[in-house]
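Asker: Residue numbers (full-length UniProt numbering), protein chains in the order written: chain A, 1 to 457; chain B, 1 to 457.
Hints listed in this document are in silico derivations from the structure and should not be mistaken for laboratory results. Keep in mind that a hint or two might mislead.
As the list makes no split between identical chains, a pair holds if one copy fits it or if it spans any two.
Below, computed lysine to aspartate or glutamate pairings styled on EDC-like, alpha-carbon distance capped at 20 Å [said to hold, decoys possible]:
#1 K313 <-> E285
#2 K57 <-> E430
#3 K393 <-> D226
#4 K313 <-> D48
#5 K57 <-> D433
#6 K359 <-> D8
#7 K95 <-> E26
Number of protein chains: 2
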Amino acid sequence: MPVPEAIDALSSLLGDRLSLSKPDLEAHGQSETYFTLTPPDAVAYPNDTQEVSAIVKICAAHGCPVIGWGAGTSLEGHALAVRGGVCVDFSRMNKVLSVNPEDMDVVIQPGLTREELNQELRATGLFFPIDPGANASIGGMTATRASGTTAVRYGTMRDNILALEVVLADGRIIRTGTRARKSSAGYDLTGLFVGSEGTLGLITELTVRLHGQPEAISSAVCAFEDIGAAVETVIQTIQMGVPMARIEFVDTPTVAAVNAYSGTDLPEMPHLMVEFHGSDAGVAEQAERFGEILGENGGTGFRWSTKAEERTKLWDARHKAHWACLASRPGAIALVTDICVPISCLAQAVEETRADIEKASIPGPILGHVGDGNFHAILLVEPGNAAEMEEAKALSNRMVERALALGGTSTGEHGVGVGKLPYMEREHGEAWDVMGQIKRALDPDGIMNPGKMVRGN
Amino acid sequence: MPVPEAIDALSSLLGDRLSLSKPDLEAHGQSETYFTLTPPDAVAYPNDTQEVSAIVKICAAHGCPVIGWGAGTSLEGHALAVRGGVCVDFSRMNKVLSVNPEDMDVVIQPGLTREELNQELRATGLFFPIDPGANASIGGMTATRASGTTAVRYGTMRDNILALEVVLADGRIIRTGTRARKSSAGYDLTGLFVGSEGTLGLITELTVRLHGQPEAISSAVCAFEDIGAAVETVIQTIQMGVPMARIEFVDTPTVAAVNAYSGTDLPEMPHLMVEFHGSDAGVAEQAERFGEILGENGGTGFRWSTKAEERTKLWDARHKAHWACLASRPGAIALVTDICVPISCLAQAVEETRADIEKASIPGPILGHVGDGNFHAILLVEPGNAAEMEEAKALSNRMVERALALGGTSTGEHGVGVGKLPYMEREHGEAWDVMGQIKRALDPDGIMNPGKMVRGN
Ligand SMILES: Cc1cc2nc3c(=O)[nH]c(=O)nc-3n(C[C@H](O)[C@H](O)[C@H](O)COP(=O)(O)OP(=O)(O)OC[C@H]3O[C@@H](n4cnc5c(N)ncnc54)[C@H](O)[C@@H]3O)c2cc1C
Ligand SMILES: Cc1cc2nc3c(=O)[nH]c(=O)nc-3n(C[C@H](O)[C@H](O)[C@H](O)COP(=O)(O)OP(=O)(O)OC[C@H]3O[C@@H](n4cnc5c(N)ncnc54)[C@H](O)[C@@H]3O)c2cc1C
Chain A
1 MPVPEAIDAL SSLLGDRLSL SKPDLEAHGQ SETYFTLTPP DAVAYPNDTQ EVSAIVKICA
61 AHGCPVIGWG AGTSLEGHAL AVRGGVCVDF SRMNKVLSVN PEDMDVVIQP GLTREELNQE
121 LRATGLFFPI DPGANASIGG MTATRASGTT AVRYGTMRDN ILALEVVLAD GRIIRTGTRA
181 RKSSAGYDLT GLFVGSEGTL GLITELTVRL HGQPEAISSA VCAFEDIGAA VETVIQTIQM
241 GVPMARIEFV DTPTVAAVNA YSGTDLPEMP HLMVEFHGSD AGVAEQAERF GEILGENGGT
301 GFRWSTKAEE RTKLWDARHK AHWACLASRP GAIALVTDIC VPISCLAQAV EETRADIEKA
361 SIPGPILGHV GDGNFHAILL VEPGNAAEME EAKALSNRMV ERALALGGTS TGEHGVGVGK
421 LPYMEREHGE AWDVMGQIKR ALDPDGIMNP GKMVRGN
Chain B
1 MPVPEAIDAL SSLLGDRLSL SKPDLEAHGQ SETYFTLTPP DAVAYPNDTQ EVSAIVKICA
61 AHGCPVIGWG AGTSLEGHAL AVRGGVCVDF SRMNKVLSVN PEDMDVVIQP GLTREELNQE
121 LRATGLFFPI DPGANASIGG MTATRASGTT AVRYGTMRDN ILALEVVLAD GRIIRTGTRA
181 RKSSAGYDLT GLFVGSEGTL GLITELTVRL HGQPEAISSA VCAFEDIGAA VETVIQTIQM
241 GVPMARIEFV DTPTVAAVNA YSGTDLPEMP HLMVEFHGSD AGVAEQAERF GEILGENGGT
301 GFRWSTKAEE RTKLWDARHK AHWACLASRP GAIALVTDIC VPISCLAQAV EETRADIEKA
361 SIPGPILGHV GDGNFHAILL VEPGNAAEME EAKALSNRMV ERALALGGTS TGEHGVGVGK
421 LPYMEREHGE AWDVMGQIKR ALDPDGIMNP GKMVRGN
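Produce the complete structure using the sequences and hints provided.
Answerer: What follows is the structure, given as structure tokens:
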């Protein structure tokens, strides 16, 4: 759906900050995973909120789709221009607008990445904890309701956004929320836009909650005979109320891939990677309790360390696990799954998934943020091999069915995008229609990231 | 707006569970504060979700207003039947449907009160922490996005509701959310219904997050020379990351009222009442840190205690502070204010409010959940004294203006109801229109708690 009139008007508005170059369009039409290249008709690089509003007004006038773009790291084809239109790339809107150390919050533009934000905060004693591994933009993370390794302690993006500025589908600019820590003043619009994947409006400014850098941090890694023992350790740790900052599971195939990629020498067994945040005494106490629980579950090799280098090495290896898994099958593309279940069902969900993948012809390492009941399989498919892709999709489909049957969700953190859209009705039933009603109320012409999130959009 | 046809049909459906008795109507037409008696035309007592759906369908067919009723403890006239209609009292829907200790959640009906819930949980090692003092229903607390003394540690209702069952304005029954701890599967409908004050639908079932009963609890009370020193102690404590379970401020007039009402003998000075939750060592460490901070601010009389009786006595006195203040001016009615500001502005907000009240002719003790930047004044007015009521409203109005000017909110936890409706436009600007769009999308005929929350409803 090329919309030449809109592009003409945008070109007058933005000059060379409207790009029509093929490489640029293609860069904004790809995804990190298996989806087909689906480029937009143009890429806009706004400088500020007023420009975003002007862009959306032009698009609204011409019925032209508008798709936000942060860092392009989302995994379900969220930003694919399935109906063409204009991609709004927020990379130039990447400023820190104000740091409020006394209130432990920061006001930023959406294109800032989480690593850039933490760089800016280094001297304040504060940090932004949400860590999806990838160096995503805060706007994109908000739009997908991202979480990652530290959500077990610090919550998800839902819990860490105090207020937003949003450009709506008609170009109106609204503010949701205030800098107060809590409010009962009306519908939770902030919460509504968090996780809305650009289908209700574009986020142009964010007030983000910060946390104090912990006085002490210690990390550890430990091995288990089998998946069940590792997951049982997680369940008991959470139930005992040990305030873990991170508790990550990696299965044997993941460990093998990580060893090969990052030069670690972990035994090829299921592992937990953990981190404790607190006071010196608090961290020591947490580590001791965790040590007891894992001892009872036959965990081995537990040794906790407060050394920054060891810690960095461990989490670097964990963060690169995605690339390590990809490298374990040279040339492969990934279908990354993402389910989340009540923690009492976690062992069953992981074990059944592992067994299911073993029966398949493709490799699929499993890893996850198990403290939340959330895990992924990275299903590795030969490009162009339709049979393998079908197998991967069938495995992914069974994972979702398993999650829903166990009272869980089809996506714990990656979001809906294109990949999980087919499951929305099954997960939500009539509540999915309510999402459609809200979408139509705020975007009656369906120009905001069309083809996503709701039925028939 | 009596709607005889609806009442006839409801009477056939519910028999003697539809009440038209004057005392019953009046009991459901009053509020805990200064609002005029505004009774509904009938009170329905449903037994289950299907009946709630049937009630709403009948009301929808006749354009009859439907107003939910939990425990009737809300403070802004939330449930007043300003357009008449049917009050749906959830007192018969007060069952615990399932307790899932492994997953630390519980599924309940909305009429259950927080004290009843904690009674049921006593043997599980788990508890529901949100504590607004009043023995409110969990459905009502969800509808108002309540919080209270423990929100500084455990969050508000927003953070503790995993999933809801809701009857919509057309009688459809939907489920929002799952039992997974987190999800990125679509718009956050759970969050949208939390705090919607019965204007989008009636909550008929809730999946509520629980927390482990802390191994150790200790409490303390301490006095300060002036408000500034007390509030400065709070700010530093929060900024140091001491994980307070409660940190409550009471000013001198409140202390005097509490002493008289509860027989305590606190010095007549501003006080903080605090509580620590954690392991034995953790609680001791927190108390020590807090002790250092308050020492630097000239706090006196700090003595922490792990004795259950002392603790119960302290929090009982705090919880009765509302009634103590009322009793301090016999026969008075209360206009209870509720603002929340960024914590860096808390001292200014409290001190300016105290000074403003001192200039007035009516008493107004101040107290609050200051760890969140949230506080209240209990403005005590002689019934029928229009000049005093006007003075109280002017004071309350200036508090809201102060909160908004400081980047805060017109209500931290009590909600909008009738009392805060006039501030919605000023606080939200065009975002208030968006709330109206959502309301009209889900309740086009405006039958759900009409006259509340949005413009012209
Ligand atoms: C190796 C790897 C590991 C990952 N691990 C995790 C993980 O552990 N946890 C996790 O949650 N995710 C993870 N992800 C996924 C990804 O990092 C997240 O989805 C992230 O939130 C995407 O942010 P982004 O800036 O890249 O957004 P993009 O991919 O650019 O966009 C994502 C969506 O948000 C919309 N959008 C972007 N900016 C805006 C805006 N300003 N306003 C409105 N809409 C906007 C887009 O239109 C699109 O729909 C991982 C990805 C990779 C590649
Ligand atoms: C002494 C005292 C102290 C208080 N302290 C605090 C405090 O510290 N923090 C705080 O947050 N609040 C406090 N409150 C206010 C009050 O307790 C809360 O607002 C509480 O959440 C109201 O719950 P309820 O069950 O009484 O609801 P109700 O008053 O019965 O109803 C409140 C609103 O919710 C709607 N509603 C009720 N049930 C449902 C349902 N099932 N579905 C949809 N809508 C429904 C009603 O229509 C109404 O709009 C206090 C009140 C008193 C009297």
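Asker: At 20 Å max between alpha carbons, let me know whether K57 reaches D433 within a copy, between copies, both or neither.
Answerer: between (27 Å within a copy, 18 Å between copies)
Asker: Given identical chains, is K359 near D8, meaning Cα to Cα at most 20 Å, within a copy, between copies, both, or neither?
Answerer: neither (54 Å within a copy, 62 Å between copies)
Asker: At most 20 Å between alpha carbons: which applies to K57 and E430, within, between, both or neither?
Answerer: Result: close only across copies, 16 Å inter versus 32 Å intra.
Asker: When no copy is named, should K393 and D226 be tagged within, between, both, or neither for a Cα gap of at most 20 Å?
Answerer: neither (26 Å within a copy, 66 Å between copies)
Asker: Checking K313 and E285: alpha-carbon separation at most 20 Å within a copy, between copies, both or neither?
Answerer: neither (23 Å within a copy, 31 Å between copies)
Asker: Check K95 against E26 for me: Cα-Cα at most 20 Å, and say if that holds within a copy, between copies, both or neither.
Answerer: neither (26 Å within a copy, 56 Å between copies)
Asker: When Cα atoms must be at most 20 Å apart, do K313 and D48 count as within-copy, between-copy, both, or neither?
Answerer: Neither. Shortest intra-copy (38 Å) and inter-copy (55 Å) distances fail the 20 Å Cα cut-off.
Hint check: violations occur at hints 1, 3, 4, 6 and 7; the rest are consistent with the structure.
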